[in-house]
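Q: Listed below are the residues making up each chain.
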Amino acid sequence: MPKHPNDRLQGTLDLLILKTLARGGSLHGYAIAQRIHQATGDSLRIEEGSLYPALQRMTGDRWLRAQWGTTDTGRKARFYTMTPGGRRQLEEEERRWLLLTEAIEKALRFA
Amino acid sequence: MALLGRLWNVLRRARLDDDLRQEFETHLALIEEDECAHGLTGDQARREARLRFGNPLSYRERTLDAVIATGVEHASADLRHAVRLLRKNPGFTTVAVVSLALGIGVNAAMFSVIDAVLLRALPYRQPEQLVRLTQQDGKTDAVTVTEYDVLKEQNRAFSSIAAYRGAGERRLGPSGGQDWIVTMYVTAGFLATLDVSPAIGREFDSEETQPGGPQAVILSDSVWRDRFGADPTILGRLVTLDGTSFKVVGILPAAFWLPQPTDALIPLRPSGGLDDLGINTQIVARLRDGVNLRQAQADVGTLTESFRRALADRAPPTYRGLSVSSYHAWLVGDVRLNLLLLFGATGLLLLIACVNLAMLLIARFTTREREIAIRVALGSGRRRLLAQCLMENLVLAALGAGASVLAAYVLLRGLVSWVPFTLPAAAPIHLDGRVLGFALMVALATSVVFTLVPLFMTRRLNVHDALKSSGRTPDNVRTRTRNVLVVGEVALSATLLIAAGLLIHSLYRIQHERLGFEPDGLITFVTPFDPLRTAADRTAFTRAIRERLPSVPGVRDVAATNVLPLAGRGNLPTQRDAHPEQSIGGMEIRMVTPNYFEMLGIPVRRGRSFTSADVRTSLPVAVVNDTLARTWWPAGGAVGDRLVIGMFQGRKLTNDSPREVVGIVGDTKTLTLKDPARPTVFVPLDQVMGDTSRVAWIVRTDGSSGVAANLRSAVAGIDRGQRVLQLRRMDEIVASTTATSRFNASLFALFAGMAVVLAAIGLYGVLSFLVAQRRHEVGTRMALGASRGDVLALFLRQGITLTAIGLGLGLGAALLLTRWFSSLLFSVQPRDPASFAAVAILLLLVGVAASYVPARRAASIDPMAALRAE
Numbered sequence: 010m011p012k013h014p015n016d017r018l019q020g021t022l023d024l025l026i027l028k029t030l031a032r033g034g035s036l037h038g039y040a041i042a043q044r045i046h047q048a049t050g051d052s053l054r055i056e057e058g059s060l061y062p063a064l065q066r067m068t069g070d071r072w073l074r075a076q077w078g079t080t081d082t083g084r085k086a087r088f089y090t091m092t093p094g095g096r097r098q099l100e101e102e103e104r105r106w107l108l109l110t111e112a113i114e115k116a117l118r119f120a
Numbered sequence: 007m008a009l010l011g012r013l014w015n016v017l018r019r020a021r022l023d024d025d026l027r028q029e030f031e032t033h034l035a036l037i038e039e040d041e042c043a044h045g046l047t048g049d050q051a052r053r054e055a056r057l058r059f060g061n062p063l064s065y066r067e068r069t070l071d072a073v074i075a076t077g078v079e080h081a082s083a084d085l086r087h088a089v090r091l092l093r094k095n096p097g098f099t100t101v102a103v104v105s106l107a108l109g110i111g112v113n114a115a116m117f118s119v120i121d122a123v124l125l126r127a128l129p130y131r132q133p134e135q136l137v138r139l140t141q142q143d144g145k146t147d148a149v150t151v152t153e154y155d156v157l158k159e160q161n162r163a164f165s166s167i168a169a170y171r172g173a174g175e176r177r178l179g180p181s182g183g184q185d186w187i188v189t190m191y192v193t194a195g196f197l198a199t200l201d202v203s204p205a206i207g208r209e210f211d212s213e214e215t216q217p218g219g220p221q222a223v224i225l226s227d228s229v230w231r232d233r234f235g236a237d238p239t240i241l242g243r244l245v246t247l248d249g250t251s252f253k254v255v256g257i258l259p260a261a262f263w264l265p266q267p268t269d270a271l272i273p274l275r276p277s278g279g280l281d282d283l284g285i286n287t288q289i290v291a292r293l294r295d296g297v298n299l300r301q302a303q304a305d306v307g308t309l310t311e312s313f314r315r316a317l318a319d320r321a322p323p324t325y326r327g328l329s330v331s332s333y334h335a336w337l338v339g340d341v342r343l344n345l346l347l348l349f350g351a352t353g354l355l356l357l358i359a360c361v362n363l364a365m366l367l368i369a370r371f372t373t374r375e376r377e378i379a380i381r382v383a384l385g386s387g388r389r390r391l392l393a394q395c396l397m398e399n400l401v402l403a404a405l406g407a408g409a410s411v412l413a414a415y416v417l418l419r420g421l422v423s424w425v426p427f428t429l430p431a432a433a434p435i436h437l438d439g440r441v442l443g444f445a446l447m448v449a450l451a452t453s454v455v456f457t458l459v460p461l462f463m464t465r466r467l468n469v470h471d472a473l474k475s476s477g478r479t480p481d482n483v484r485t486r487t488r489n490v491l492v493v494g495e496v497a498l499s500a501t502l503l504i505a506a507g508l509l510i511h512s513l514y515r516i517q518h519e520r521l522g523f524e525p526d527g528l529i530t531f532v533t534p535f536d537p538l539r540t541a542a543d544r545t546a547f548t549r550a551i552r553e554r555l556p557s558v559p560g561v562r563d564v565a566a567t568n569v570l571p572l573a574g575r576g577n578l579p580t581q582r583d584a585h586p587e588q589s590i591g592g593m594e595i596r597m598v599t600p601n602y603f604e605m606l607g608i609p610v611r612r613g614r615s616f617t618s619a620d621v622r623t624s625l626p627v628a629v630v631n632d633t634l635a636r637t638w639w640p641a642g643g644a645v646g647d648r649l650v651i652g653m654f655q656g657r658k659l660t661n662d663s664p665r666e667v668v669g670i671v672g673d674t675k676t677l678t679l680k681d682p683a684r685p686t687v688f689v690p691l692d693q694v695m696g697d698t699s700r701v702a703w704i705v706r707t708d709g710s711s712g713v714a715a716n717l718r719s720a721v722a723g724i725d726r727g728q729r730v731l732q733l734r735r736m737d738e739i740v741a742s743t744t745a746t747s748r749f750n751a752s753l754f755a756l757f758a759g760m761a762v763v764l765a766a767i768g769l770y771g772v773l774s775f776l777v778a779q780r781r782h783e784v785g786t787r788m789a790l791g792a793s794r795g796d797v798l799a800l801f802l803r804q805g806i807t808l809t810a811i812g813l814g815l816g817l818g819a820a821l822l823l824t825r826w827f828s829s830l831l832f833s834v835q836p837r838d839p840a841s842f843a844a845v846a847i848l849l850l851l852v853g854v855a856a857s858y859v860p861a862r863r864a865a866s867i868d869p870m871a872a873l874r875a876e
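As they're listed, the protein sequences go chains A and B.
Those letters in the first sequence? Residues 10 to 120, by the numbering used here.
Those letters in the second sequence? Residues 7 to 876, by the numbering used here.
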């Protein structure tokens, strides 16, 4: 059952966020954004206006767990961790992404 | 995110917002730290951070949107907004809700009555199989015992036939005392025909319905419970009715319904006397499965010869056999048309209410045009606007719905208790949900259409213009629509008014019909006789009353008869002596004291009335009324001729000797005010004393109070056990005969009144709007020299034109529709010019009145202010 009915973009973002958190640990929003930026070789910058809705949504769907904590500079921030359900969703998203890219690649080859 | 979670979050919005605020603050700070690490100073870093981050407000909105069911949030905001809007416009809200409540409520109430009476079937199995048999030739309904027997024996269309007739009130024993119950004669097979089984016991068998057979009775459930304590051993017990023993053979089921209220059933048997003529007796039958009415009629038609043979010389030359018709149709026949017409009126009222609502909505939309334009300019999406409008409609509809249910409930109670004719309803009349739902949907549809249509028309709304003009340029479509609507309203009101006018005129005519007697100052009451009283007993009682009552304080004179005018029938077959072809089967017979005619102010046209010399031992005499004199003696010569009561077409049915006609008196209305007087024969009470089952007394009083009580105690003084019934003034009797006409006239007048009020409001609204719109133009006119009077006339003309057009349409429609009214009218044409003229004048006046205030307002516009304003 597609959790993101019409939104490929939304699914992609979810994928990136989940992947970032897959390595374990809890990160706050800024850190997640930074991590993705680094992981994509400084090419993809997630806009805060998209990031936070996604985080909230995924928390609501119980793929992430959010907890208030303090940053190392002493600021109050919400930290997100991946849940087992989130891990399953990550696998699902990865599979779908692969299928999609394969299909597009095939189409492009036959252009 | 799952819907439930999103709904839950609606309540947590504030908290979520706070959390996000905190989170964003931190995020911003972290960006700032980063920028500082890259070498920017504090202020620069902060600026850079804010630029990088973006608009926190917008992000918060977006984030919250992702996790909150905003639809619900919007809906609840819209709801609060709608309620606030309605509260701030109490005038609009009240008129809208009241219009809806009245329109819908009245319809729901009326339909509930119609459903219970006309549409719902009788509470018997397959009630459409029940038919009624009557005479074909239509002069009388009565089916004789002879025909009944032949029918029973030889028919092939019916699975069961039965007959019933009211048997009056009888005293139930052994409880003794004054326990009177209502009884009904029925034949064996009556319950079988209705397809009802007694709860306990059985029906009458053939033995019990033979003359001279054992007497049996079937009691109703309530009598069994109240008088006999639901005694399980009731069967076989003997009870007495008016002293005669009857064996209880059955108890009716609790939910049993009969067209006449009845406490006990007793066997109907051929008496060998007058009753066998079948007067006041109903024959019902159940069609066999698979047989329809037409086939049954054909079958009964084949028996005509058998009937004629059986009747022998008793069959009149015009005899044509029997006719089969629907039983249910007969039960409701009298009230059917009446109810349907009333329903038509309520339908019109609903229409008017909806038109009113539509006009209100259009008006309101126009005033809010500016507000809507502003909101569109501020970025409100079309969907939100639509949602908001729908919500407003819903709230209004909900209010209207609530008010309508209340109104419907109240109106129904009032209607049922006020209806003067008996509604033959098989079950208690209660509010029918279907029509309530239907009417609500109509109202909702109206409000939705007339809100959304203008909204959609604003697709082409030039926001700029709308903001600037504040409605100065009239939208032609909207104006035209409103004009059309108001013309429609006036037309519908005109139609209702005509109906009311016709009924009122008709009522007036009825009430001014010449009665033929003077009811003023008279009190009447009835003393029914216990059948156990001997003739001598009754005579003694009557004499005692006549002697002693005149000396009761307040009493001037006392007369007596068997049946009062307009209070029922008392008929016997009568024939002119030696003229068997001049026979009347249902001749009205009145047994009166000598002072009867004088007391009632009935003039003696010829000969004499009765005197105290007309007693049992003297010559049997009679007096006839004008109608009978004209019918039997068209060339004169009534006085001196003879007639025989109880003789019919040469056959003697009683042993009353021929009577000499000694006088002719003026006609008096017999049964109703609408029908002409029936042929009547008067005989002296003294000559037939002992033959009556009741005496009706007429007392002339001097008008002092307490006479009624004095009368009661006087009667009680003569005979403690004698019942005194229907003690009332004579003019009350007269009034009760016009009850239905008054009811119809009042109800229609009420509806018409409501309609006119609504139409007047509509007219007022349209004109006010017109005046407001054309302020600038009025200012220009006045500046150019028009006087206030001119302006007044201008707008008055507008109003009158609209009224006149509506009036014309309404009158035209009325001309076509009123012919269905004719059966409710009395001596008034359906196209009665007086009513039409009156309605036209009334509506024009209303139109002028409704237009006057806005026109005045227009006339008092300060031209300078109007020109200066936008």
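Think of the hints as simulated: they come from the structure by calculation, not from any bench.
Ideal Cβ placement from N, Cα and C applies to all residues, glycine included.
Be aware that a few hints might be false.
[To be verified] Per label pair, the in silico range of CB-to-CB distance:
id, chain 1, residue 1, chain 2, residue 2, range
1, B, 49, A, 46, 23 to 29 Å
2, B, 13, A, 46, 32 to 38 Å
3, B, 85, A, 115, 22 to 28 Å
4, B, 53, A, 83, 40 to 46 Å
5, A, 83, B, 13, 49 to 55 Å
6, A, 111, B, 85, 32 to 38 Å
7, A, 76, B, 61, 38 to 44 Å
8, B, 21, A, 83, 19 to 25 Å
9, B, 377, A, 83, 46 to 52 Å
[Stated by the list, open to error] Computed footprint of chain A on chain B, listed as stretches where at least three residues anywhere in the stretch have a Cβ under 8 Å from a Cβ of chain A:
id, segment
10, 58-68
11, 299-311
Q: Under a C-beta cut-off of less than 8 Å, do 3 or more residues of the segment 299-311 of chain B approach chain A closely enough to confirm the stated coverage?
A: Violated - the segment 299-311 of chain B has 0 residues with a Cβ nearer than 8 Å to chain A, which falls short of three.
Q: Take the C-beta atom of residue 53 of chain B and the C-beta atom of residue 83 of chain A, compute their distance, and say whether it sits inside 40 to 46 Å.
A: Violated: the Cβ-Cβ distance is about 23 Å, outside 40 to 46 Å.
Q: In this structure, is the beta-carbon distance linking residue 111 of chain A and residue 85 of chain B contained in 32 to 38 Å?
A: violated, 50 Å
Q: Given as covered by chain A, does the segment 58-68 of chain B meet the bar of three residues or more with CB within less than 8 Å?
A: That given contact holds, which follows from 6 residues of the segment 58-68 of chain B lying within Cβ reach (below 8 Å) of chain A.
Q: Holds or violated: the 22 to 28 Å window for the beta-carbon distance between residue 85 of chain B and residue 115 of chain A?
A: violated, 53 Å
Q: Can you let me know if the beta-carbon spacing of residue 21 of chain B and residue 83 of chain A is within 19 to 25 Å?
A: holds, 24 Å
Q: Quick check: does the Cβ-Cβ distance between residue 83 of chain A and residue 13 of chain B fall within 49 to 55 Å?
A: Violated, since residue 83 of chain A and residue 13 of chain B (Cβ atoms, about 37 Å apart) do not stay within the stated range.
Q: Confirm or reject the claim that residue 76 of chain A and residue 61 of chain B have a C-beta distance inside 38 to 44 Å.
A: Because 27 Å falls outside the window, the suggested range is violated.
Q: For the range 32 to 38 Å, tell me whether the beta carbons of residue 13 of chain B and residue 46 of chain A fit it or not.
A: With Cβ atoms ~35 Å apart, the hint holds.
Q: State, for the Cβ atoms of residue 377 of chain B and residue 83 of chain A, whether the hinted interval 46 to 52 Å holds or is violated.
A: Because 50 Å falls inside the window, the suggested range holds.
Q: Starting from the range 23 to 29 Å, see whether the pair residue 49 of chain B and residue 46 of chain A falls in it by beta-carbon distance.
A: With a Cβ separation near 25 Å, residue 49 of chain B and residue 46 of chain A satisfy 23 to 29 Å, so the hint holds.
Violation of the numbered hints given earlier is confined to hints 3, 4, 5, 6, 7, 11; the remaining hints are satisfied by the structure.
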